[in-house]
Amino acid sequence: MSSRLAEPIAVAEQGAGEMLMEVRNVSLSFGGVKAITDISFDIRKGEIRAIIGPNGAGKTSMLNVINGFYTPQKGEIVFRGNTRRAMKPHHAVRQGIARTFQNVALFKGMSTLDNIMAGRSVLMKRNLFWQMVWHGPALAEEIEHREKVEEIIDFLEIQHIRRTPVGKLPYGLQKRVELGRALAMEPSLLLLDEPMAGMNLEEKEDMSRYIIDVNRQRGTTIALIEHDMGVVMDLSDRVVVLDYGKKIADGVPDAVKSNQAVIDAYLGVAH
Amino acid sequence: MLYRTAGQFKTSYRADHALFPVRQDAWLLAFILLLAFVVFPMTANEFVFRALLTPVLIYALAALGLNILTGYAGQLSLGTGAFMGVGAYACYKLVTIFPDLNLIVAIMLSGFFSAAIGVAFGLPSLRIKGFYLAIATLAAQFFLVWLFEKWAWLYNYNSSGSIQVPTISVFGHPVAGPNATAIVQYYVVLVIVAVITWLAINITRGRIGRMWKAVRDMDIAAELVGINLMKAKLSAFAVSSYIVGVAGALFVFLWRGAAEPVAFDIPLSFRVLFIAIIGGLGSVLGNYLGAILIVALPVIISTLPASVGLPLSSAMVEHLNTMIIGALIILFLIVEPHGLARFWAIIREKLIMWPFPH
Numbered sequence: 001m002s003s004r005l006a007e008p009i010a011v012a013e014q015g016a017g018e019m020l021m022e023v024r025n026v027s028l029s030f031g032g033v034k035a036i037t038d039i040s041f042d043i044r045k046g047e048i049r050a051i052i053g054p055n056g057a058g059k060t061s062m063l064n065v066i067n068g069f070y071t072p073q074k075g076e077i078v079f080r081g082n083t084r085r086a087m088k089p090h091h092a093v094r095q096g097i098a099r100t101f102q103n104v105a106l107f108k109g110m111s112t113l114d115n116i117m118a119g120r121s122v123l124m125k126r127n128l129f130w131q132m133v134w135h136g137p138a139l140a141e142e143i144e145h146r147e148k149v150e151e152i153i154d155f156l157e158i159q160h161i162r163r164t165p166v167g168k169l170p171y172g173l174q175k176r177v178e179l180g181r182a183l184a185m186e187p188s189l190l191l192l193d194e195p196m197a198g199m200n201l202e203e204k205e206d207m208s209r210y211i212i213d214v215n216r217q218r219g220t221t222i223a224l225i226e227h228d229m230g231v232v233m234d235l236s237d238r239v240v241v242l243d244y245g246k247k248i249a250d251g252v253p254d255a256v257k258s259n260q261a262v263i264d265a266y267l268g269v270a271h
Numbered sequence: 272m273l274y275r276t277a278g279q280f281k282t283s284y285r286a287d288h289a290l291f292p293v294r295q296d297a298w299l300l301a302f303i304l305l306l307a308f309v310v311f312p313m314t315a316n317e318f319v320f321r322a323l324l325t326p327v328l329i330y331a332l333a334a335l336g337l338n339i340l341t342g343y344a345g346q347l348s349l350g351t352g353a354f355m356g357v358g359a360y361a362c363y364k365l366v367t368i369f370p371d372l373n374l375i376v377a378i379m380l381s382g383f384f385s386a387a388i389g390v391a392f393g394l395p396s397l398r399i400k401g402f403y404l405a406i407a408t409l410a411a412q413f414f415l416v417w418l419f420e421k422w423a424w425l426y427n428y429n430s431s432g433s434i435q436v437p438t439i440s441v442f443g444h445p446v447a448g449p450n451a452t453a454i455v456q457y458y459v460v461l462v463i464v465a466v467i468t469w470l471a472i473n474i475t476r477g478r479i480g481r482m483w484k485a486v487r488d489m490d491i492a493a494e495l496v497g498i499n500l501m502k503a504k505l506s507a508f509a510v511s512s513y514i515v516g517v518a519g520a521l522f523v524f525l526w527r528g529a530a531e532p533v534a535f536d537i538p539l540s541f542r543v544l545f546i547a548i549i550g551g552l553g554s555v556l557g558n559y560l561g562a563i564l565i566v567a568l569p570v571i572i573s574t575l576p577a578s579v580g581l582p583l584s585s586a587m588v589e590h591l592n593t594m595i596i597g598a599l600i601i602l603f604l605i606v607e608p609h610g611l612a613r614f615w616a617i618i619r620e621k622l623i624m625w626p627f628p629h
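Chains Z and D, in that order, are what the protein sequence lines are. For what it's worth, the numbering used here labels the leading residue of the first sequence as 1, then goes sequentially. For what it's worth, the numbering used here labels the leading residue of the second sequence as 272, then goes sequentially.
Check each hint, because a few of them may be wrong.
Think about it this way: if two alpha-carbon atoms lie no more than 27 Å apart in a straight line, the pair counts; the simulated DSSO-like pairs of lysine-lysine are [to be verified]:
1) Z:K257 - Z:K45
2) Z:K168 - Z:K148
3) D:K400 - Z:K88
4) D:K421 - Z:K168
5) D:K400 - Z:K148
6) Z:K125 - D:K621
7) Z:K168 - D:K400
8) D:K621 - Z:K148
9) Z:K88 - D:K502
10) Z:K168 - D:K364
11) Z:K108 - D:K421
12) D:K364 - Z:K108
Just so you know, these hints were derived from the structure itself, not from any lab. Just so we're clear, the structure is a prediction, and the values are computed from it rather than from any experiment.
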């Protein structure tokens, strides 16, 4: 296990990993407010890439650009060889980009099972006619996807809340269901927006374990935003640091930790 | 005791995806179908068919259509009455232009016209939601009823300005018009309503139903899990308006026998909306419970006092009816905002647990 664990980090250090996504000179503004200014970075296949920075640095805006929710004014994004600037979020999902939200964005009236099944909507094909008939192809498809969803439920250890409406679940479990829904899309790039916000130590450890397992066992590339520096430095292979919409550092955790610009951004500088 | 689930094991996902994971539910439905198909027709008289059984089924179907749009997909609509009208007028034109067309086929086809109109008036839902969308559907309500009045071609230039259903036979039996018997009409309505309900249940429990519910619960998140909002909303409008249109065609052809444009005006929309809300939004069963309540209540109010020796004037009955239904709606919304269907769900849960409290 230890050798497998060490491997992606070694790759990252050599800088030889295959490119999954590249953000090129992206700028985004809302009226006069510049959220992101000329940012470029890349995400390599199989790594855990952290995006950090103080509040208002443009981290979430960056994720929104990546999954097509915002259209940047300048720059482009290359994902698996396709270059684009504007796209609809549901197209991003079809290309293999899934995400979770800072504030839990589950379907509150639906059960855990239905929420995760909804994550597989894009992968299900049977049309209205077969859905109406139900018996036959639609049911076969439903069961096939149910099996995949049950694997995710087992993986995240949420069997006991399968039938519970998610609105009734505690916050930590909701975060886990949301991760499950994102995993159900079978993404090649998973964007996690503060997966550990508001969690206690035990829940953070659980969530870290799931994130590492998703990365190692399922081979999913992960880009995450997180404020807990301990978590970020332990989990991620490479870190990009934003401040006031600009990139101030990019590299392996140790290098970033000792970078003077990063220390200044977080601690402030005497003028 | 009756609902004990002990000993009912599910060993496959197929069994888990069955319509009735609990066996007693299937028995209950079989019992209700037995009542509907055998016991009621054998015991009911003309009055019961015309005043209770047929209208309950037709209103339940209309409410089911609205419920798919409002309860499942979360798009509020106040235009149900007008869409029922589209179904009715489409059916009328179909049977007069093609006199040889089987009436049941004509009714099923007329739903497609209301589906098309429903999708057209559903287009604003792509940009606006909630109350604003309700106002947009209200525009459909007023526009369509105005059209039914002014476009004489729709009612074949009748001097009365209304549609009169001619006698139409299916396989030698008069099904619609003055010569049709209530029992035949009841059976036709029952079969159509049962089949559409079954199809609707199938849609709502599969991929498309989940898509609608996702849009209802959080549309932004739905888009970010890969659901095409346009497809989801417009398909909800199409399916909903189809069912509402068929209900409208049944409303005129197999129940009332004639209809003037004002019959499809906003009181009808509200009536169907009340049924859906009192029955329970986001449930199929609720439409039936709501329809039973709304249709049966006036009949009970008008017949009960007379039978205990307290004859009331018809105006009095009407006023009482309005007052009691209004009070009941408020009461239900306070006691159980999720409607009669949730009442049943709670009772059922308690029965399964009985005699234990938890």
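Against the structure, the hints come out as follows:
no. : hint            : result
1   : Z:K257 - Z:K45  : holds, 23 Å
2   : Z:K168 - Z:K148 : holds, 24 Å
3   : D:K400 - Z:K88  : holds, 20 Å
4   : D:K421 - Z:K168 : violated, 52 Å
5   : D:K400 - Z:K148 : violated, 34 Å
6   : Z:K125 - D:K621 : violated, 38 Å
7   : Z:K168 - D:K400 : holds, 26 Å
8   : D:K621 - Z:K148 : violated, 33 Å
9   : Z:K88 - D:K502  : holds, 14 Å
10  : Z:K168 - D:K364 : violated, 51 Å
11  : Z:K108 - D:K421 : violated, 46 Å
12  : D:K364 - Z:K108 : violated, 44 Å
Violated hints for the displayed structure, listed by number in ascending order: 4, 5, 6, 8, 10, 11 and 12.
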